[in-house]
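**Q** Sequence:
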Amino acid sequence: MLTVTNKIKTYRSEGYNYYFNKETGNFARWGKTLEDDPEVAPFPEIADIEISTVCSGPHGTPCTWCYKSNTKLGHNMSLDTFEKILERFHPGLTQIAFGIGDLNANPELIDILELTRHHGIIPNITVNGAQLDQHFDGTDSTFADMLANTCGAVAVSNYGKDICYSAVQKLTSLSQKHNPEATLAQVNIHQLLSENTYEKCLSLIDNMQTDERLKDLNATVFLLLKPKGKRNCLKQLRDSKKYKRLIDKALDNKVRIGFDSCGAPSFVNAIKDREEAEQLITLAESCESTRMSIYIDAEGRAWPCSFCENQYRITPVDVLAHPNILSVWDSSQFKQFRKKLLSTKQESTGCYECPVFDLRME
Numbered sequence: 001m002l003t004v005t006n007k008i009k010t011y012r013s014e015g016y017n018y019y020f021n022k023e024t025g026n027f028a029r030w031g032k033t034l035e036d037d038p039e040v041a042p043f044p045e046i047a048d049i050e051i052s053t054v055c056s057g058p059h060g061t062p063c064t065w066c067y068k069s070n071t072k073l074g075h076n077m078s079l080d081t082f083e084k085i086l087e088r089f090h091p092g093l094t095q096i097a098f099g100i101g102d103l104n105a106n107p108e109l110i111d112i113l114e115l116t117r118h119h120g121i122i123p124n125i126t127v128n129g130a131q132l133d134q135h136f137d138g139t140d141s142t143f144a145d146m147l148a149n150t151c152g153a154v155a156v157s158n159y160g161k162d163i164c165y166s167a168v169q170k171l172t173s174l175s176q177k178h179n180p181e182a183t184l185a186q187v188n189i190h191q192l193l194s195e196n197t198y199e200k201c202l203s204l205i206d207n208m209q210t211d212e213r214l215k216d217l218n219a220t221v222f223l224l225l226k227p228k229g230k231r232n233c234l235k236q237l238r239d240s241k242k243y244k245r246l247i248d249k250a251l252d253n254k255v256r257i258g259f260d261s262c263g264a265p266s267f268v269n270a271i272k273d274r275e276e277a278e279q280l281i282t283l284a285e286s287c288e289s290t291r292m293s294i295y296i297d298a299e300g301r302a303w304p305c306s307f308c309e310n311q312y313r314i315t316p317v318d319v320l321a322h323p324n325i326l327s328v329w330d331s332s333q334f335k336q337f338r339k340k341l342l343s344t345k346q347e348s349t350g351c352y353e354c355p356v357f358d359l360r361m362e
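Per this note's numbering, the sequence shown runs over residues 1 to 362.
Hints are supplied without guarantee of correctness; some may be wrong.
[As the list claims (entries may be wrong)] Here are the in silico distance ranges between beta carbons for each label pair: (1) LYS272 - GLY25: 26 to 32 angstroms; (2) LEU320 - GLU181: 34 to 40 angstroms; (3) LYS7 - GLN333: 21 to 27 angstroms; (4) ASN179 - ARG245: 34 to 40 angstroms; (5) ASN196 - LYS249: 35 to 41 angstroms; (6) GLY25 - LEU202: 24 to 30 angstroms; (7) ASP111 - ASN6: 18 to 24 angstroms; (8) THR10 - SER141: 29 to 35 angstroms; (9) GLY160 - SER327: 40 to 46 angstroms; (10) GLU83 - GLY31: 45 to 51 angstroms; (11) MET1 - ASP36: 14 to 20 angstroms; (12) TYR19 - ARG360: 44 to 50 angstroms; (13) ASP216 - ASN6: 22 to 28 angstroms; (14) LYS249 - ASN26: 45 to 51 angstroms.
Rather than coming from a laboratory, the hints here were simulated on the basis of the structure. We put the beta carbon where it would ideally sit given N, CA and C, even for glycine.
Using the sequences provided together with the hints, build the complete structure.
**A** Put into structure tokens, the structure is as follows:
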């Protein structure tokens with residue numbers, strides 16, 4: 001049974017239950033008892049939807065490490081297509097994480113975000129930090145204003161201190177902490193973690209403690225580099241000792257961090273000897289693709305996750321060719337990937353391993 005109020009959304013059934021606070025983003029899931037952790041949800045809890053592949057990069061040049069190889073000649077998802085996709089989702093969907101390159105690329109961005117919130121779903125977005133001060137629709141409102149008044153969370157990808165930290169400062173100044181009328185509850189930094197960016201990651205932890213622009217930052221989320229993208233010239237981080245050094249530095253300094261689910265096995269191994277390991281492990285969730293989440297690209301095709309897009313032997317599902325998201329969720333393509341993913345669960349960590357890329361630390 002689904003229950004929805006202005007503040008919370010809850011779902012109750014015999015083997016799958018959740019509690020979601022729409023204002024703070026707090027989420028808890030359990031099975032038959034509070035100790036049970038369901039392997040698969042009956043519908044996607046969260047969706048990752050790409051609404052534009054148009055991207056010139058924050059400095060006017062496409063990034064060399066972009067795993068999607070986006071350029072300024074990309075494609076926008078229309079509001080009409082998005083609405084048709086949204087109508088197919090189970091009402092138990094809690095949040096949508098929107099993928100976009102340039103903030104001004106999709107002229108229907110604001111309509112898409114507002115429609116999402118109108119349906120009782122929280123819109124979140126990742127931005128590159130550029131264009132926040134630009135005005136849209138010939139109004140006095142900037143993109144920063146628009147995000148602060150529609151999104152629940154915004155993540156700023158770190159493409160350099162000046163653009164990233166200033167964007168964080170701009171967005172946090174408009175958030176609920178300073179403006180009770182705003183919807184924006186969290187501003188995070190997305191930091192790519194690779195061999196090439198390792199020292200930058202360590203420096204970011206220091207900056208979070210000293211740079212005034214980051215005083216209201218919620219957390220830094222470290223994203224493991226995947227070996228994907230025609231332009232990607234970076235090297236994966238494989239050294240488990242270096243990874244542990246990074247995690248310990250953050251935890252010892254009480255710096256708020258997160259990570260993508262791809263990094264959960266490495267995180268669990270890194271903290272297993274810490275005094276608070278048991279508590280930290282409860283906060284780590286490994287790959288949720290086709291278990292709890294779904295990715296839909298700008299063409300309206302569903303994949304297990306964005307990194308699976310156009311990968312060998314993974315076939316997408318045309319969402320608009322299906323009557324609802326449940327038939328996509330239960331499609332042969334998703335069942336096949338889900339079965340393979342579930343078979344990768346490691347006894348030592350309790351985590352699922354990525355069935356597409358080798359992301360293990362050594």
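**Q** Name the hints, by number, that the structure is in violation of.
**A** 3, 5, 10, 12 and 14
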